[in-house]
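Undergrad: Top to bottom, those sequences are chains A and B. Heads up, the first sequence is in my numbering, so the first residue is 3 and it goes up one at a time. Heads up, the second sequence is in my numbering, so the first residue is 301 and it goes up one at a time.
Do not take every clue at face value.
Derived list of chain B stretches under chain A, where covered just means 3 residues or more per stretch with a C-beta under 8 angstroms from a C-beta of chain A [claimed, not checked]:
(1) 315-323
(2) 461-474
(3) 506-519
Listed below are the simulated BS3-like cross-link pairs for lysine-lysine, each with C-alpha atoms no more than 27 angstroms apart in a straight line [said to hold, decoys possible]:
(4) B:K464 with A:K314
(5) B:K467 with A:K314
(6) B:K500 with B:K464
(7) B:K467 with B:K426
(8) B:K522 with B:K500
(9) B:K464 with B:K522
In case anyone wonders, no lab produced these hints; they're calculated from the structure. Note that the coordinates shown come from a computational prediction; the quantities given were computed from them, not determined experimentally. Ideal Cβ placement from N, Cα and C applies to all residues, glycine included.
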Amino acid sequence: MADASLREQLLRLLLLPVACILAVSSVAAYYLAREPATDAYDGALIDAGIALADRIHVRDGTLAVDLPSAAEQILRTDQFDTIYYLVRDPSGKLIAGDAGIPPPPVAQRPQDRSVFYDATYRDTRVRAAALLAPCGGRVCTITVAETTRKRDRLVREILLGSVMPQALLAVLTLALVWFGVARGLAPLERLSGEIRKLSPRDLRPIEPAQAPAETRPLIEALNQLLVQVEESNRNQQRFLANAAHQLRTPLAGLRAHAELALAQPLSEESRAEIEQVHSATVRIARLANQLLALARAERGGRVEPHSAVDLKGLAEGAADEWVHSALARDLDLGFELAPASVSGDALLLREALGNLVHNSIEYAPRGGHITVRTGARNGRPFMEIEDDGSGIPPQERERVLERFYRMPGTAGTGSGLGLAIVREIAAGHGAALEISHGMGGHGCRVAITFPHG
Amino acid sequence: MRILIVEDDPSLASGLTRILEAEGYAVDVAGRGEEAVGAARGERFDLVILDIGLPGMDGFEVLRRLRGAEHRVPVLVLTARDTVSDRVHGLDLGADDYMAKPFAMPELAARVRALIRRSQAQTGPKILHGPLTLDTVARRAYLAGEPLELAAREWAVLEVLLGKVEKIVSKESIIQAVAGWDEDLSPNAIEVYISRLRTKLERAGVHIRTVRGFGYMLEEFKIR
Chain A
3 MADASLREQL LRLLLLPVAC ILAVSSVAAY YLAREPATDA YDGALIDAGI ALADRIHVRD
63 GTLAVDLPSA AEQILRTDQF DTIYYLVRDP SGKLIAGDAG IPPPPVAQRP QDRSVFYDAT
123 YRDTRVRAAA LLAPCGGRVC TITVAETTRK RDRLVREILL GSVMPQALLA VLTLALVWFG
183 VARGLAPLER LSGEIRKLSP RDLRPIEPAQ APAETRPLIE ALNQLLVQVE ESNRNQQRFL
243 ANAAHQLRTP LAGLRAHAEL ALAQPLSEES RAEIEQVHSA TVRIARLANQ LLALARAERG
303 GRVEPHSAVD LKGLAEGAAD EWVHSALARD LDLGFELAPA SVSGDALLLR EALGNLVHNS
363 IEYAPRGGHI TVRTGARNGR PFMEIEDDGS GIPPQERERV LERFYRMPGT AGTGSGLGLA
423 IVREIAAGHG AALEISHGMG GHGCRVAITF PHG
Chain B
301 MRILIVEDDP SLASGLTRIL EAEGYAVDVA GRGEEAVGAA RGERFDLVIL DIGLPGMDGF
361 EVLRRLRGAE HRVPVLVLTA RDTVSDRVHG LDLGADDYMA KPFAMPELAA RVRALIRRSQ
421 AQTGPKILHG PLTLDTVARR AYLAGEPLEL AAREWAVLEV LLGKVEKIVS KESIIQAVAG
481 WDEDLSPNAI EVYISRLRTK LERAGVHIRT VRGFGYMLEE FKIR
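Start from the sequences, fold in the hints, and give me the full structure.
TA: Written out as structure tokens, the structure reads:
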């Protein structure tokens, strides 16, 4: 979207009207200011003509202008301009002055009053005034012209004094819009920050009280959506709980009956068949558990807020269950537990550690050793498990985290979901999952390291 | 010994019944919570196996009513749900043990035995474990009928382990249970007592397993 920026849109929208207003107001200001000033200058010009009229005398029967050279000097110059004059008798004959001053346009010839007009004299623009003056009982024509320097200066002053501030105002307005938009949008920035802080686990409605009124409808709409998302999360959780119940109860029955059957005297063939049923049941149960765990571990799968979880206590609480599985496979399961507190979801963290322990139990050779550790390293809480089994080669360490991936040649009945679940859970806690080898380069070590407490 | 199974799934209920009957218990089954509360009021059971996900009145409610009526019968809760809050909730309401479905039958049988033994230990003076007998009133121990000499501390440690057969007992909790208020027992001292107990009990097939870095577990007695 080319005009996605509110700022650009606003500027584009404002630029033309502002420019138009600026142009119109400049022109208006120019004419409004120039008119009275020009009138005043014209008045001064005509005064010079009237003064000149008084100087026309009849001498020896001819008309002459009696103008001492000092007076002429005064008449001809003012601070800025050169003034020209011309006096003609009624027949149009030159009496005195500068013959070259152009006469007024025909339509404007003076009848009973003076006229003003613009002309060019000696290659310079001049402002001229023509008036009729009585002379010896007749009427002479006096023309006075002056260069336009002070008038031009006036125009410049008007432009500078009135149009410039307006142009400045326009530029300032646009700049204000540019920065004002940023300032005006600051509440939206803050709102974005608030929204960024939300997570599937923390869908608290946004507090509209400190937001500007204009953003409230947005916040309210968003809050409504949050309520819906939370509700849908809860529905999913309910569905998972129900699915778990619906799956596990019949599986428990199936397993119970298979084990009962195996406890009875059976033909070798029947025993083999029922053992198949039994092991398939155990596998399905495990798979169902893992799929449910994966669904819970995924973003939005659980809406329980994080709370303080002691990793040591977590491992101790689950140790009973693990030790029995380990003993059944003749493995030595040991613990090196130091207190470590993280903010997290206790059920998911227990699931993650349990998956790691079960992986080791599943793949360790008989008589092997497995150690569960919790504590803090460089200020970061961790939980890890180390075994002396066959390990995971470096080139497989990324792939084993994929769902349903199993290393080639792996024995056991795993589904390939265990580590994928661990990865989801670690990610959901902002924790790093690292697979390496155990002490002395043998076996496998999988560590989940949490961010600084 | 009489056990009440509260489970609405007929297949699982019948499986549990047959396994527990094979272990020598008398078994009654209730398919609904209301039925279970009525049965427990009317008759005396040594153990209740209670499913949480019941139609109508759920397992938590059944448990609440049993405990509300001052029933001290041990309750083993079964659940197909697996939220920590369920587990905590169940234990808070007074469940004695907790198992997630599906489970292995031998494990269920072991838990049932442990719960019944524990409740008898609380009511009776004698604790039995295979060939081992602890007479808590006379404070005498017998191994395969022969008197067994135990120092006071050894007796205390063994009593703690016998209270939680097949469960890991951490060293710290042994120290807490064994040491007096003003004593400062070291974990090493516990190791010494365990080692002496092993010397005395191993020959009769009573095994104490070390859980490295954590504690000890008295294994269930198995005839070999």
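Undergrad: Are K467 (chain B) and K314 (chain A) close enough, with their CA atoms no more than 27 angstroms apart?
TA: holds (17 angstroms)
Undergrad: Count residues of the region 506-519 of chain B with a Cβ under 8 angstroms from any Cβ of chain A, then say if the count reaches three.
TA: holds (count 6)
Undergrad: For the pair we were handed, K464 (chain B) and K314 (chain A), check the Cα-Cα distance against 27 angstroms.
TA: holds (21 angstroms)
Undergrad: Regarding the pair K500 (chain B) and K464 (chain B), is the alpha-carbon distance no greater than 27 angstroms?
TA: holds (19 angstroms)
Undergrad: Given the hinted pair K467 (chain B) and K426 (chain B), is their Cα-Cα distance within 27 angstroms?
TA: Holds. K467 (chain B) to K426 (chain B) sits at ~20 angstroms (cutoff 27 angstroms).
Undergrad: Please verify whether K522 (chain B) and K500 (chain B) have alpha carbons no more than 27 angstroms apart.
TA: holds (17 angstroms)
Undergrad: How does the region 315-323 of chain B fare against chain A when you require at least three residues with a CB closer than 8 angstroms, holds or violated?
TA: holds (count 5)
Undergrad: So is the region 461-474 of chain B in contact with chain A by the C-beta rule, three or more residues under 8 angstroms, or is the coverage claim wrong?
TA: holds (count 4)
Undergrad: K464 (chain B) and K522 (chain B) were given as a pair; does the straight-line alpha-carbon distance stay at or below 27 angstroms?
TA: Distance of about 16 angstroms is within 27 angstroms: holds.
Violated hints for the displayed structure: none, as all numbered hints are satisfied.
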